[in-house]
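Could you put the whole structure together from the sequences, leaning on the hints where they help?
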Amino acid sequence: MRKVVCRCEDLSEEDIIHAIELGFKDIESLKRFTGAMTGPCQGKGCMMHILRILSQKTGKSVEEIGVTTQRQPVNPVPLYILSGDEK
Amino acid sequence: MKVAVIGGGISGLGVAYFLAKLGAEVEVFEQKYLLYGASGRNSGGITAQFMDKELIEMALRTMKLYEKLQSEIKFNFLLRKGGYLKLSDNPRELEKEVEYQKSAGLKVKFLSPEDVKEIFPDINTNAFKAASYFKDGAVIFPWPVIWGLAKGCRELGVKIYDWTPAEVVSETEVKVKNEVKKYDVIVNAAGAWSAEINNKLGIKNDLRVVKEEICVTESLRPYIDPYIIHSNGLYLSQSMRGEIVGGIVGKAGEKSLDSSLDFLVKYAKLATKLVPKLRGLSILRQWSGVYDETKNGKPNFGFTGKVFQLNGFGKNGMSLALAYAEKASKEIMKS
Ligand SMILES: Cc1cc2nc3c(=O)[nH]c(=O)nc-3n(C[C@H](O)[C@H](O)[C@H](O)COP(=O)(O)OP(=O)(O)OC[C@H]3O[C@@H](n4cnc5c(N)ncnc54)[C@H](O)[C@@H]3O)c2cc1C
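Here the protein sequences line up with chains A and B, keeping their order. With our numbering, letter number 60 in the first sequence gets 86, and the count goes up by one each step, no holes. With our numbering, letter number 197 in the second sequence gets 201, and the count goes up by one each step, no holes.
Among the hints, erroneous ones may be present.
[Claimed, not checked] With a cut-off of at most 16 Å between alpha-carbon atoms, the simulated EDC-like pairs for lysine to aspartate or glutamate come out as follows: (1) B:K186 x B:E171; (2) B:K36 x A:E54; (3) B:K155 x A:E47.
FYI, nobody ran anything at the bench for these hints, they're computed from the structure.
This is how it looks when you write it as structure tokens:
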């Protein structure tokens with residue numbers, strides 16, 4: 027069975043493990059190599075799974091791994107709202 | 005020949021790759037993760053529309069090198085050739101620019117707003133007065149460029165140390181994790197941090213740091229072909245993943261990596277004026293980057309003592325750095 031970890035970018039647990047085995051062992055590199063946490067959910071759905079896999083594979087605790095930079099905005103905002111033009 | 009490269013961006017990894025191919029023993033130091041610098045934060049617009057013969061030649065060479073390295077390293081850089089459009093509110097100035105570039109042999113066209121509408125139907129023809137179109141321009145996704153170069157480097161025996169800040173203590177010595185290592189040549193490819201390294205060694209330079217903010221929307225089906233940049237500073241393009249990546253050309257002075265709401269509001273105004281149909285699209289995330297630029301717009305390039313300068317690429321490093329890295333590798337091997 028294929029365990030999907032990141033639905034936005036369609037990444038399975040094997041994809042993440044493969045990337046870690048290639049040497050992308052810190053959360054910032056792993057994010058930028060796989061694209062995980064950069065899709066529409068911005069990590070809200072997948073980050074905890076990824077931290078768990080990374081922790082299991084590297085033997086580091088979730089605290090040691092840390093979380094990746096949380097980019098603004100927290101929820102997607104349409105351009106017409108930002109531009110103040112709500113016509 | 006033993007070389008230390010400070011900086012794991014496109015310049016540093018580029019020169020490491022070419023040096024290794026020529027047989028040098030190379031170590032690359034990156035203070036954080038690869039992609040921490042401007043090379044991991046940019047919009048990937050690739051052009052040769054410059055006002056200098058050398059820059060035009062180097063940009064054309066860089067475009068060839070992307071294709072060559074993609075197949076040499078067997079890594080897809082997600083290069084999409086959809087042209088590069090420079091829009092301007094000052095048609096006379098732009099026309100002069102196009103004339104110069106044509107005389108330098110570049111295939112550029114001077115276009116009216118109506119002509120641009122044929123290339124991109126959703127553009128608001130009232131939002132600019134003229135355009136310069138470079139058909140061979142492209143958009144590249146910077147992340148695979150860096151991962152690909154790093155892979156190519158490692159396969160040639162280059163040692164890449166990430167999460168390893170390097171302190172250049174003399175023209176031939178680097179202090180890493182409390183150990184001083186000696187090299188024949190040190191390459192300063194530290195992007196926005198290059199001036200700090202030079203200052204410490206007493207090497208003069210006119211580098212200044214620019215901060216630039218950028219953001220990305222949710223994905224759409226691919227429909228914007230060219231990379232578009234306006235004389236008011238706005239730029240936007242569509243990546244191979246379908247997101248609209250866009251920003252506003254930065255200003256010198258600040259060196260933080262903070263993101264501001266002011267930027268988002270300004271971007272939203274300029275972007276929806278230029279392409280009104282984008283107004284319903286949502287911004288997914290924003291970030292910022294810093295780069296180093298020189299006064300004359302050309303990179304800071306060449307030997308200063310035993311230190312080789314490969315920095316000052318400003319807002320055009322993705323379009324220029326590979327050719328300069330290749331040239332640097334030859335000059336270093338001759339030294
Ligand atoms: C928002 C934005 C949009 C852009 N858009 C475009 C575009 O569309 N087209 C284009 O051509 N260019 C663009 N650029 C410019 C381009 O990104 C840069 O010119 C280019 O990436 C510079 O590459 P570099 O390798 O010289 O520097 P960097 O990529 O910044 O790499 C330097 C590296 O050195 C490391 N470093 C510094 N000091 C040390 C030290 N002491 N020890 C170890 N490591 C150190 C840093 O951490 C950094 O990773 C843009 C830039 C930004 C910020």
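Earlier hints that do not hold, by number: Result: no hint breaks.
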